[in-house]
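Student: The residues making up each chain are set out below.
Protein chains: 2
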Amino acid sequence: MAQKPSIPKGTRDFAPQEMMKRNHIFETVRRIFEHYAYLPIETPAMENLSSLLGKYGEEGDKLLFKILNSGDFSNGVDFAQDSKKLSTIISEKGLRYDLTVPFARFVVQHQNELTFPFKRYQIQPVWRADRPQKGRYREFFQCDVDVIGSTSLLNEAELLNIIDDVYKALNIRVVTKINNRKILAGIAETIGFPEKIVDITIAIDKIDKIGLEKVNEELSTKISAEAITKLQPILLMKGSFEEKIETLKTMLNNSEIGMSGIAEMAELFEYVADLKLYMPCELDLTLARGLNYYTGSIFEVKALDAVMGSICGGGRYDDLAGIFGLKNMSGVGVSFGADRIYDVMTELNLFPESSGVGSQILFVNFGRAETRVILPILKLLREKNIACELYPDTAKMQKQFNYANSNRIPYVAIIGEDEIKNNTITIKTMQNGQQEKMSVEQLTKLLSKL
Amino acid sequence: MAQKPSIPKGTRDFAPQEMMKRNHIFETVRRIFEHYAYLPIETPAMENLSSLLGKYGEEGDKLLFKILNSGDFSNGVDFAQDSKKLSTIISEKGLRYDLTVPFARFVVQHQNELTFPFKRYQIQPVWRADRPQKGRYREFFQCDVDVIGSTSLLNEAELLNIIDDVYKALNIRVVTKINNRKILAGIAETIGFPEKIVDITIAIDKIDKIGLEKVNEELSTKISAEAITKLQPILLMKGSFEEKIETLKTMLNNSEIGMSGIAEMAELFEYVADLKLYMPCELDLTLARGLNYYTGSIFEVKALDAVMGSICGGGRYDDLAGIFGLKNMSGVGVSFGADRIYDVMTELNLFPESSGVGSQILFVNFGRAETRVILPILKLLREKNIACELYPDTAKMQKQFNYANSNRIPYVAIIGEDEIKNNTITIKTMQNGQQEKMSVEQLTKLLSKL
Numbered sequence: 365m366a367q368k369p370s371i372p373k374g375t376r377d378f379a380p381q382e383m384m385k386r387n388h389i390f391e392t393v394r395r396i397f398e399h400y401a402y403l404p405i406e407t408p409a410m411e412n413l414s415s416l417l418g419k420y421g422e423e424g425d426k427l428l429f430k431i432l433n434s435g436d437f438s439n440g441v442d443f444a445q446d447s448k449k450l451s452t453i454i455s456e457k458g459l460r461y462d463l464t465v466p467f468a469r470f471v472v473q474h475q476n477e478l479t480f481p482f483k484r485y486q487i488q489p490v491w492r493a494d495r496p497q498k499g500r501y502r503e504f505f506q507c508d509v510d511v512i513g514s515t516s517l518l519n520e521a522e523l524l525n526i527i528d529d530v531y532k533a534l535n536i537r538v539v540t541k542i543n544n545r546k547i548l549a550g551i552a553e554t555i556g557f558p559e560k561i562v563d564i565t566i567a568i569d570k571i572d573k574i575g576l577e578k579v580n581e582e583l584s585t586k587i588s589a590e591a592i593t594k595l596q597p598i599l600l601m602k603g604s605f606e607e608k609i610e611t612l613k614t615m616l617n618n619s620e621i622g623m624s625g626i627a628e629m630a631e632l633f634e635y636v637a638d639l640k641l642y643m644p645c646e647l648d649l650t651l652a653r654g655l656n657y658y659t660g661s662i663f664e665v666k667a668l669d670a671v672m673g674s675i676c677g678g679g680r681y682d683d684l685a686g687i688f689g690l691k692n693m694s695g696v697g698v699s700f701g702a703d704r705i706y707d708v709m710t711e712l713n714l715f716p717e718s719s720g721v722g723s724q725i726l727f728v729n730f731g732r733a734e735t736r737v738i739l740p741i742l743k744l745l746r747e748k749n750i751a752c753e754l755y756p757d758t759a760k761m762q763k764q765f766n767y768a769n770s771n772r773i774p775y776v777a778i779i780g781e782d783e784i785k786n787n788t789i790t791i792k793t794m795q796n797g798q799q800e801k802m803s804v805e806q807l808t809k810l811l812s813k814l
Numbered sequence: 365m366a367q368k369p370s371i372p373k374g375t376r377d378f379a380p381q382e383m384m385k386r387n388h389i390f391e392t393v394r395r396i397f398e399h400y401a402y403l404p405i406e407t408p409a410m411e412n413l414s415s416l417l418g419k420y421g422e423e424g425d426k427l428l429f430k431i432l433n434s435g436d437f438s439n440g441v442d443f444a445q446d447s448k449k450l451s452t453i454i455s456e457k458g459l460r461y462d463l464t465v466p467f468a469r470f471v472v473q474h475q476n477e478l479t480f481p482f483k484r485y486q487i488q489p490v491w492r493a494d495r496p497q498k499g500r501y502r503e504f505f506q507c508d509v510d511v512i513g514s515t516s517l518l519n520e521a522e523l524l525n526i527i528d529d530v531y532k533a534l535n536i537r538v539v540t541k542i543n544n545r546k547i548l549a550g551i552a553e554t555i556g557f558p559e560k561i562v563d564i565t566i567a568i569d570k571i572d573k574i575g576l577e578k579v580n581e582e583l584s585t586k587i588s589a590e591a592i593t594k595l596q597p598i599l600l601m602k603g604s605f606e607e608k609i610e611t612l613k614t615m616l617n618n619s620e621i622g623m624s625g626i627a628e629m630a631e632l633f634e635y636v637a638d639l640k641l642y643m644p645c646e647l648d649l650t651l652a653r654g655l656n657y658y659t660g661s662i663f664e665v666k667a668l669d670a671v672m673g674s675i676c677g678g679g680r681y682d683d684l685a686g687i688f689g690l691k692n693m694s695g696v697g698v699s700f701g702a703d704r705i706y707d708v709m710t711e712l713n714l715f716p717e718s719s720g721v722g723s724q725i726l727f728v729n730f731g732r733a734e735t736r737v738i739l740p741i742l743k744l745l746r747e748k749n750i751a752c753e754l755y756p757d758t759a760k761m762q763k764q765f766n767y768a769n770s771n772r773i774p775y776v777a778i779i780g781e782d783e784i785k786n787n788t789i790t791i792k793t794m795q796n797g798q799q800e801k802m803s804v805e806q807l808t809k810l811l812s813k814l
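From first to last, the protein sequence lines stand for chains G and H.
The first sequence finishes on residue 814 if you use our numbering, and the numbering steps up by one all the way, no holes.
The second sequence finishes on residue 814 if you use our numbering, and the numbering steps up by one all the way, no holes.
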């Protein structure tokens, strides 16, 4: 009869100890977003499939979780079609795949209620039917911060500042890689294949994963050998930021879009110098990022001390809201991957010791008479924001103490006949086993210090 | 080309102003749960359908949102079946319908890592394909608090205490109605239809909605006229708590389960008297609650000043974890409906004025030279936990001031040529238009007071 319980693959339960650590990440990120005056929004888990399909490429469409229509969904449906077509007939809604497309939809839908530039943050789970593997889940949390309605590069600088603050606060050493899609477009133009920019950037994007040789091999199916040769200096370019910019200026001299990307990059790095960031930022021409909607600056953050894909990324998109009918709204944003940050922090043992949640004190339960004395004390402590509890059953002392130990409760209070008579409380410090008698006032003082 | 954006019916976007109010509710509830030492957990949005189906009755099964299997889901499927059967073939996962069944599944799955009694809270959205109407959404948040592994009625008392704290903190006047399923079982037994307890409780549950006459009419299809006559005094019983208990004791004298329910009720009200609650609790024999899994105490909270269904409810379930194979684990819990609480607070205008999020000060942007002076000041303020921002574009002054007004930013800082020369900042108080020159230190002091 009884089912062996399990959860869908790629999803996870979070037990209290994990929740406390995750909340540490969410609270840090939220606090910093708010310091920079980004405002919170939330969107529904389900979006209309028409809002999602076609926004993440063909591969993305396949990874969308689709919701079966309610009621008699199969009535009158012609089932002699392939799964892809059929799914759009028996399903009208899907789970959100990221927070960017819902944000674009939100901005267009609520444009008359918003003040632009609109700075929003959003911390919610997203779902992708990806093959589960290290650092990749089917349900995971994104922490997105975007500004829409401003073309100023100060926004990019602000996002780099936020990235710096977040990883400094979390104690993770990172490097932020920066590129500009306009430079990539300029390169594509210069080597004579402007229409192949997507193929070229996707190929460049893989250089870290599959190496230069394989990237050249892939490119050979897309562009001419001459173009590949022209591209090599770019792929291999080293040197200081200034040296790279000079090389690019020379090479992209005849490309308007390329020169505009270089100017943006130079301006952004001026701001970065002003900001005196804690962590390094570097120009990385091999950074392309897969998503099609980026049009300007692009960012990616890597942890220096852990083997993990990017733990934050984003960029500027000049026409994201355009797909929902709102033109000329440039946006820029980054997304922090809470689950990867969690995995990195676990690997590097970076979580603070103190859990911050759970009882500070457990009152032993001897029975009805003692309970009547304890209840008002609990009330008093809670009014002082002290987390405390009474063991609910009159179980054996050993069992009650085990409960305190397992839950890492630092103090146990004993109120028995003697204590009631003398109007006192015996407090046992669990770490060293020491016992001390004290008044309610003394106890309140002791626990307020924690 | 452009799509007119919309979201699925029964779902909502939350704009910043709504988010701030919602967060006020969530933070209040969370703080109080933690005062009582409940520990946070989270479970995935998707559960295996096998964990959900059959747990909420036939009607509940229909209201589950089912996820279409990924990939080529229709391959080899015989479509000559009704929608209900078909859905279990092309869908293996569903969105969670409440937090109680996932909690039971969690407890069984992780039983070896948990210490019992296990006190957990969980604040997450749930999804139901219900017909949307006032106070009823297809995506809504529940705030659940449960203890499992203890039969003590002190747990029930603690939950009543939590209910009292929450509504006191939110400033909502409520009454908590209390009943016990064992008393209802005793009544069913006494009137001679013990096997009809579910029908009887469901009928009683409707008394507020459809009235006594219709309830009697419904009952007449389930039980004899004699039994209905025997039941009337119960349905109409008035008087003090003690009077009701005495009437019940007399009437259920021969029912073991009934007398056990009466004893539990009497003990619980003894604790309630000890707790000196702020809001009233009352015995209400017409309270039944629809869900099948309750076996002991049941609770329901109603707002006194607003027309709204219950804004909190719950009870004891002796065998919830049993459906997943873990026997003898009694649990008790309540669920706060955040969305209904939000609606009540909006109706009664109970949200505090201060939003608590957004900039405390906006710095006007005159251009590059001024920006270089402003960036280090922003850094300093943020290090003091002061939310602040620089307008990203060098737009007209009027536009920048409009931004401050629309976003209710209390101060605007002006740093132009003069201010740079004199190493000062001009601060405009938006509420009264007054301007004052001050140093960075003075500004920090001013904003730290907010």
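Since the hints were made in silico from the structure, they are not lab data.
Please note that a few of the clues may not be correct.
The list cannot tell twin chains apart, which means a pair is met if one copy fits it or any two copies do.
[Said to hold, decoys possible] Straight-line alpha carbon distances no greater than 27 Å define the calculated DSS-like cross-link-like pairs of lysine-lysine that follow:
1) K760 with K578
2) K801 with K426
3) K760 with K691
4) K594 with K613
5) K608 with K640
6) K666 with K449
7) K419 with K368
8) K586 with K498
9) K760 with K586
10) K368 with K498
11) K532 with K666
12) K602 with K666
13) K560 with K743
14) K691 with K763
15) K570 with K691
16) K602 with K578
17) K586 with K426
18) K748 with K573
19) K578 with K594
20) K573 with K813
21) K448 with K578
Computed from a predicted model, the values in this text were never measured in an experiment.
Student: When no copy is named, should K748 and K573 be tagged within, between, both, or neither for a Cα gap of at most 27 Å?
Tutor: Cα proximity of K748 and K573: none, with 54 Å in one copy and 42 Å across.
Student: What label fits K602 with K578 when the C-alpha limit is 27 Å: within, between, both, or neither?
Tutor: Within one copy only: 20 Å inside, 84 Å across.
Student: Is it within, between, both, or neither for K419 and K368, if the alpha carbons may be no more than 27 Å apart?
Tutor: Classified as between; 15 Å across copies, 38 Å inside a copy.
Student: Reference check for the pair K368 and K498, CA-CA at most 27 Å: within, between, both, or neither?
Tutor: Close inside one copy (26 Å), not across copies (38 Å); limit 27 Å.
Student: Between copies, within a copy, both or neither: which fits K608 and K640 at Cα up to 27 Å?
Tutor: Within one copy only: 21 Å inside, 73 Å across.
Student: I want to check one pair: K586 and K426. Are their C-alpha atoms no more than 27 Å apart within a copy, between two copies, both, or neither?
Tutor: within (25 Å within a copy, 51 Å between copies)
Student: Check K448 against K578 for me: Cα-Cα at most 27 Å, and say if that holds within a copy, between copies, both or neither.
Tutor: neither (32 Å within a copy, 50 Å between copies)
Student: Since the copies are identical, ignore which copy is meant and state whether K586 and K498 lie within 27 Å (CA to CA) inside a copy, between copies, both or neither.
Tutor: For K586 and K498, the Cα distance exceeds 27 Å both inside one copy (32 Å) and across copies (57 Å).
Student: How do K570 and K691 come out at 27 Å by Cα distance, when the copy is not named: within, between, both, or neither?
Tutor: Classified as neither; 32 Å inside a copy, 53 Å across copies.
Student: If the cutoff is 27 Å on CA atoms, where do K760 and K578 land: within, between, both or neither? Let me know, please.
Tutor: Neither way: K760 and K578 sit 68 Å apart in one copy and 52 Å across, limit 27 Å.
Student: Up to 27 Å between alpha-carbons, please classify K602 paired with K666: within, between, both or neither.
Tutor: For K602 and K666, only the intra-copy Cα distance (19 Å) is at most 27 Å; the inter-copy one is 69 Å.
Student: Regarding K691 and K763, is the shortest C-alpha distance of 27 Å or less found within a copy, between copies, in both, or in neither?
Tutor: between (66 Å within a copy, 20 Å between copies)
Violation of the numbered hints given earlier is confined to hints 1, 2, 6, 8, 9, 13, 15, 18, 20, 21; the remaining hints are satisfied by the structure.
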